[in-house]
Amino acid sequence: MSVLVPPIETPEAAAAGAGWPARLHEWVVTVDHKRLGVMYVVAGLAFFLIAGIEASVMRWQLAAAGKTTVSPEVFNRLFTMHGTTMVFLVGIPIVFGFANYLVPLMVGARDLAFPRLNAFGFWAFLFGGLLLYFSFLGGDGLYGAGSAPSVGWFAYAPLTARAFSPGNSTDYWNLSILVMGFGTVATAINLITTTLTMRCRGMTLGRMPLYVWMMLVVSGMTVMALPPLSAAQVMLLLDRFLGAHFFDTQAGGSAIMWQHFFWFFGHPEVYILMVPGFAFVSEIIPVFSRKVIFGYPMVVAASLAIGFLSMTVWAHHMFAVGMGSPLNAAFAASTMLIAVPTGIKIFNWVATMYGGRIRFATPMLFACAFLFQFLCAGLTGVMLAVVPFNWQVTDSYFVVAHFHYVLVGGLVFTIFGAIYYWFPKVTGRLLSERLGRWHFWLFVVGFNVTFLPMHWLGMIGMPRRIYTYPADRGWDFWNLVVSLGVLFQAAAVLVFVVNVVIALRRGARAGDDPWDAWTLEWATTSPPPPYNFETVPVVGSRRPLWDLKYPADPDGPHE
Amino acid sequence: MSSRGRVGMVCLIVAEASLFAVFVVAYLFYLGKSLTGPFPSDVLSVPVLGTVCLLSSSVTVAVGARALARGGVGRCGAWLLVTVLLGAVFLAGTAAEWSRLIMREGLTVSTNLFGTTYYALVGLHASHVVVGLVMLALITVFAWSRALRPVHAERVELVSWYWHFVDGVWVVVLTVVYVIGR
Chain E
1 MSVLVPPIET
11 PEAAAAGAGW
21 PARLHEWVVT
31 VDHKRLGVMY
41 VVAGLAFFLI
51 AGIEASVMRW
61 QLAAAGKTTV
71 SPEVFNRLFT
81 MHGTTMVFLV
91 GIPIVFGFAN
101 YLVPLMVGAR
111 DLAFPRLNAF
121 GFWAFLFGGL
131 LLYFSFLGGD
141 GLYGAGSAPS
151 VGWFAYAPLT
161 ARAFSPGNST
171 DYWNLSILVM
181 GFGTVATAIN
191 LITTTLTMRC
201 RGMTLGRMPL
211 YVWMMLVVSG
221 MTVMALPPLS
231 AAQVMLLLDR
241 FLGAHFFDTQ
251 AGGSAIMWQH
261 FFWFFGHPEV
271 YILMVPGFAF
281 VSEIIPVFSR
291 KVIFGYPMVV
301 AASLAIGFLS
311 MTVWAHHMFA
321 VGMGSPLNAA
331 FAASTMLIAV
341 PTGIKIFNWV
351 ATMYGGRIRF
361 ATPMLFACAF
371 LFQFLCAGLT
381 GVMLAVVPFN
391 WQVTDSYFVV
401 AHFHYVLVGG
411 LVFTIFGAIY
421 YWFPKVTGRL
431 LSERLGRWHF
441 WLFVVGFNVT
451 FLPMHWLGMI
461 GMPRRIYTYP
471 ADRGWDFWNL
481 VVSLGVLFQA
491 AAVLVFVVNV
501 VIALRRGARA
511 GDDPWDAWTL
521 EWATTSPPPP
531 YNFETVPVVG
541 SRRPLWDLKY
551 PADPDGPHE
Chain H
560 MSSRGRVGMV
570 CLIVAEASLF
580 AVFVVAYLFY
590 LGKSLTGPFP
600 SDVLSVPVLG
610 TVCLLSSSVT
620 VAVGARALAR
630 GGVGRCGAWL
640 LVTVLLGAVF
650 LAGTAAEWSR
660 LIMREGLTVS
670 TNLFGTTYYA
680 LVGLHASHVV
690 VGLVMLALIT
700 VFAWSRALRP
710 VHAERVELVS
720 WYWHFVDGVW
730 VVVLTVVYVI
740 GR
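Protein chains in written order, with the numbering used here: chain E, 1 to 559; chain H, 560 to 741.
Fair warning: there could be bad hints in the mix.
[Claimed, not checked] Short, incomplete list of chain H residues facing chain E, as computed with Cβ under 7 Å:
hint : residue
1    : C570
2    : I572
3    : A574
4    : K592
5    : T653
6    : W657
7    : I661
8    : G665
9    : S669
10   : T675
11   : V689
12   : V690
13   : M694
14   : V710
15   : R741
For the record, the hints were derived by calculation from the structure and aren't laboratory data.
Cβ atoms here follow ideal geometry from the backbone N, Cα and C, with glycine treated the same way.
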């Protein structure tokens with residue numbers, strides 16, 4: 001197949017002789033979706049390390065009762081920056097970075113629909129991220145008060161009002177997320193357009209890889225759910241700078257409206273982050289089970305259902321503010337409803353593994369841990385949807401445990417799986433399986449030791465966002481355990497970094513298709529040339545590369 | 560398959576609609592919650608001329624885009640010029656209304672909730688009108704300098720879609736602010 005050999009000289013090769021300024025210049029001015037994708041993920045991982053350090057400092061402070069490692073003010077800044085960073089600077093860029101890299105390759109296109117808009121999206125994100133962290137230096141503003149934002153990642157009114165948050169720290173939070181929001185919407189528009197208009201010949205919607213399907217859903221959700229956050233942030237800007245009264249209760253404004261606006265974005269956002277995790281495992285599990293995905297149409301339908309339902313559940317974050325029984329009941333019902341399509345997907349993945357010839361390579365290990373941990377997250381999610389139970393544990397460590405099971409046990413695990421799976425494609429080198437196993441087991445142990453006991457802590461009444469606690473509450477032991485888990489997680493991340501560094505220097509050559517996979521990105525070289533495919537492929541089934549490799553038994557007739 | 564530009568513009572319009580929806584919801588929610596005057600019924604009157612101009616500009620922009628698709632660069636430019644003028648009349652109406660509200664009625668964004676939500680919603684719409692006018696004026700200049708050619712017909716059509724969207728939003732704003740809100 002001519003698809004497999006690209007003999008034309010690449011810009012990378014041309015720039016290899018030039019010094020680092022020339023290479024840096026190439027990366028800065030690039031509009032290539034693969035380079036932008038790599039930059040997204042690398043920047044996201046860098047912020048991941050920073051957010052991890054912030055979390056570690058918090059856990060050090062909470063390891064025993066009455067510690068004074070950090071002051072209450074610093075603690076507030078730490079959890080605000082940790083949450084904001086993990087959602088906006090780690091989750092979103094890594095998720096969209098992967099999509100940047102993979103969607104054009106998977107649909108057999110040579111780039112995204114609007115390459116320059118894509119570069120804009122990335123630089124808007126990076127600028128926003130740097131602006132947020134600049135607040136540590138510049139947040140004092142003209143009033144000499146504050147430093148980094150300390151209003152929590154959802155920045156509830158009226159805490160964000162001028163009177164309660166003087167200085168400019170809150171404005172750094174507001175403006176940086178606003179800028180990033182524009183970039184993210186631009187990228188989402190780009191992905192939708194690419195998916196709908198640039199698929200190669202033969203790739204009907206029904207033959208698209210599930211990854212592309214789910215990123216289409218995610219992009220649709222982004223286009224509809226992110227602008228409301230931008231709108232609310234513009235209102236907050238007006239409140240803070242022009243003396244408007246949107247969230248000013250003394251002038252008749254409503255602090256609850258901020259909660260509605262924020263969570264109307266905030267809950268879809270959870271799925272904007274989680275559905276890409278589903279997308280990763282929907283690619284990884286079939287390949288390492290040597291079976292086609294079980295019930296492809298059902299998985300697509302479930303993704304669409306999740307995308308739709310995620311827009312209708314936002315107020316389950318607000319059961320404790322007194323919305324009244326009818327609203328509480330409605331949002332409890334819609335929240336429980338969304339567990340149905342999510343459960344369908346879990347059955348699909350398990351059914352795909354059932355009877356398969358499973359290879360427990362590192363990506364598959366992460367996918368399996370995801371299944372268990374995400375199931376736990378889903379079950380505590382259903383518990384939290386029960387309003388009376390929610391009232392008992394609202395704003396407690398039970399909630400913290402729940403959403404870390406979702407976003408770490410679910411998303412971060414799948415991101416690591418995805419990195420092990422696609423790293424060979426991006427760099428041409430394999431990550432070490434031995435170090436990968438160390439990474440995996442340390443992380444599984446560390447994750448569960450850290451976050452499982454948080455459930456008990458929440459049940460016995462430990463509130464979230466407290467910087468210390470008295471010794472007589474019975475919280476000491478489990479807090480120490482939680483903090484010890486951090487050591488394992490940190491060790492795991494260290495192993496991962498070492499693994500990446502070693503692989504980049506002298507990792508085994510990956511070849512084009514190290515996992516014997518089926519989607520089009522494996523049909524080109526590793527790393528792919530700037531134009532992706534020498535000749536644009538023609539697709540006859542959901543597993544085009546399988547058809548190429550095993551022409552005697554093509555998929556088409558079975559679909 | 561439909562073209563990239565069309566899909567991209569539809570997505571942008573969806574995102575913008577989502578943005579406006581929040582401001583419209585805020586306007587409706589805060590209606591009648593102002594603690595002090597001036598109140599909408601005291602100071603607002605329906606901007607008939609501006610509305611007529613803006614809505615008819617949707618027709619002229621469509622005629623202009625169609626003219627370009629049929630090869631009429633000059634006719635396209637002429638119709639877009641009319642569109643720009645109509646949009647400018649609308650903006651002038653808004654400016655006059657704002658200056659009257661600020662100078663005579665003493666209503667600013669910080670006066671009361673009505674001022675807050677009114678300037679935010681109408682201002683967001685007006686800023687979109689400005690963006691549309693800049694794009695339309697650019698195309699008009701290009702038509703006049705003959706840089707515009709019939710191959711650009713689809714791009715002009717996409718700008719016209721944006722303009723139609725801005726018009727559609729005005730219908731909502733008009734209904735919410737000047738009919739329901741008064």
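Comparing the hints with the structure gives:
1. Of the supplied interface hints, the one on C570(H) holds, with its beta-carbon coming within about 4 Å of a beta-carbon of chain E, less than 7 Å.
2. Taking 7 Å as the C-beta cut-off, the interface hint given for I572(H) is violated, the closest approach to chain E being about 10 Å.
3. For the restraint placing A574(H) at the interface with chain E, the shortest Cβ-Cβ distance is roughly 5 Å, inside the 7 Å limit, so the hint holds.
4. At its closest, the beta carbon of K592(H) sits 4 Å from a beta carbon of chain E; the interface hint therefore holds under the 7 Å criterion.
5. Checking T653(H) against chain E: minimum C-beta separation of about 18 Å lies over 7 Å; hint violated.
6. About 14 Å separates the beta-carbon of W657(H) from the nearest beta-carbon of chain E, more than 7 Å, and the hint is not met.
7. Taking 7 Å as the C-beta contact cut-off toward chain E, the hint placing I661(H) at the interface is violated, the least distance being around 13 Å.
8. The closest approach between the C-beta of G665(H) and any C-beta of chain E is roughly 14 Å, which is over the 7 Å cut-off, so the hint fails.
9. Because the closest C-beta pair between S669(H) and chain E is about 3 Å apart, less than 7 Å, the hint holds.
10. Taken as an interface hint, T675(H) checks out: its beta carbon lies about 4 Å from the nearest beta carbon of chain E, inside 7 Å.
11. Because the smallest distance between the Cβ of V689(H) and any Cβ of chain E comes to about 16 Å, over 7 Å, the interface hint for this residue is violated.
12. Below 7 Å, beta-carbon pairs count as interface contacts, and V690(H) has none with chain E, the closest being about 14 Å; its hint is therefore violated.
13. Interface restraint check: M694(H) against chain E, minimum CB-CB distance 16 Å, threshold 7 Å, status violated.
14. Hint status for V710(H): violated, given a least beta-carbon distance of 19 Å to chain E, over 7 Å.
15. With 7 Å as the threshold, the beta carbon of R741(H) stays out of range of chain E, its nearest partner Cβ sitting at about 19 Å, so the hint is violated.
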